[in-house]
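Please work from the sequences and hints to get the whole structure.
Taken in order, these protein sequences are the chains called A and B. Numbers in our numbering are just positions in the first sequence, counted from 1, shifted up by 48. Numbers in our numbering are just positions in the second sequence, counted from 1, shifted up by 48.
Just so you know, nobody snuck in bad clues.
In this list, chains with the same sequence are indistinguishable; a pair is considered to hold if it fits within one copy or across any two.
BS3-like mimics (lysine-lysine), calculated; alpha carbons at most 30 angstroms apart, straight line: (1) 124 to 232; (2) 96 to 60; (3) 183 to 169; (4) 170 to 133; (5) 183 to 133; (6) 183 to 60; (7) 124 to 169.
Since the hints were made in silico from the structure, they are not lab data. Nothing here was measured: the structure is a model prediction, and the numbers come from that model.
There are 2 protein chains.
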Amino acid sequence: MARFFIAGANYKGGTAIIRGRDAEHVQVLRLRPGEDVVICDGQGTDYKCRLVKADREEAEAEVLEVVRCPAEPSVKVTVLCGLPKGDRTDYIIQKSVEAGANEILFFNARRCVARPDEPEKKLGRWQRIAEEAAKQSGRGIIPQVGWAGEFVDVLNLAIHRDLALFMYETGERESLNQVLEANKQIETAAIITGPEGGFEQFEADLARVSGLHVCSMGERILRCETAPVVALTALMYATGNLA
Amino acid sequence: MARFFIAGANYKGGTAIIRGRDAEHVQVLRLRPGEDVVICDGQGTDYKCRLVKADREEAEAEVLEVVRCPAEPSVKVTVLCGLPKGDRTDYIIQKSVEAGANEILFFNARRCVARPDEPEKKLGRWQRIAEEAAKQSGRGIIPQVGWAGEFVDVLNLAIHRDLALFMYETGERESLNQVLEANKQIETAAIITGPEGGFEQFEADLARVSGLHVCSMGERILRCETAPVVALTALMYATGNLA
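Have a look at this one:
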């Protein structure tokens, strides 16, 4: 069923008004009065609606049912990735949204090759990728995509989550399984992964002394764009959000 | 450390001979005598070697240690995907190899848009993607990529695995968690996912009566190139191969 994200303000007396780009999209999809659509407020609530009007400028839909969006996971996960090169960001955003991330933030790690002053220019495009993926996968929110800043900002953000995982390829690490099995009831989490060259030892040490769980994902070396999606999937599986 | 796949026949008296394209690669990487490399036989065994000669035509390495490749998972998983359009195949291959697949096969499902007579032409390119991903992620084998044929061939293949998962988006399904928790000791598995349009109801019914586990991965709709990687990751996590 076609899915639209429209902020709550448009709902009046059991009627949802669809304007602008979304109204054009109704036209593109050739949706006609009588057909059902889902309008999501972007806050986790789905309005199951039936179209009563569909013009180019404006469509109108009667609200049939209001439900909590079933696709939203019970855990709000912030995915934090050392800024990778090129379009790897796009892949991370799209797949993390599908896998259930609450927000996706990039940051500047020591081995980042991509320049940290470029991301701001890309925020608009990144957010559109997230919106598209949210619509396609039936999410109840449009996950926020953004720039977290420097590595210390990431640590500061992560320590305020119920669980913070720092994915690291070498040295002393905890088992991801053991950490996740011991943290099934969390409500918030952070997953931190590195750029192409991985993290420096001192970054892992800082994460550890900050109380983050420095974790292994086994002996296979994952690409920087694969690691966050694999870690997020494991967390979603372990917390019962993949069933 | 640089990693090469060379079939076992080249090892003689504790010496590995690197020829052809691999010898050129040694040159490209500017590896010199005295430097260490890993030569894998593609059967799960790693030979830790030290270069003693590095010419354009041939390099020679002394075998220091022979170990079982630690990156190989305990479960041999066959990933079976309804042939998707365009370069989604490439993504499925690369990410499935990273995530630990033993082989990746495409097949013709009812809703496949891609023509089933095209795949054979692409096998060479697909296999090179698998080889590249296997080297990069430190695998002990180069997972086989191939064409499984029609849907019935897939069923026939899947019923001979210890566990066969059929990922389906709607209707009566088992919980992926429950199925995986009940099957932690498996040695072989098949994961079956659909093309862009998903499976037809009759395909899911056939899978069910054939004894496959028709499973849900939650309420988020995953793209056809995301679903196999997410399912494979969940299986690897559940069987202790992601720690």
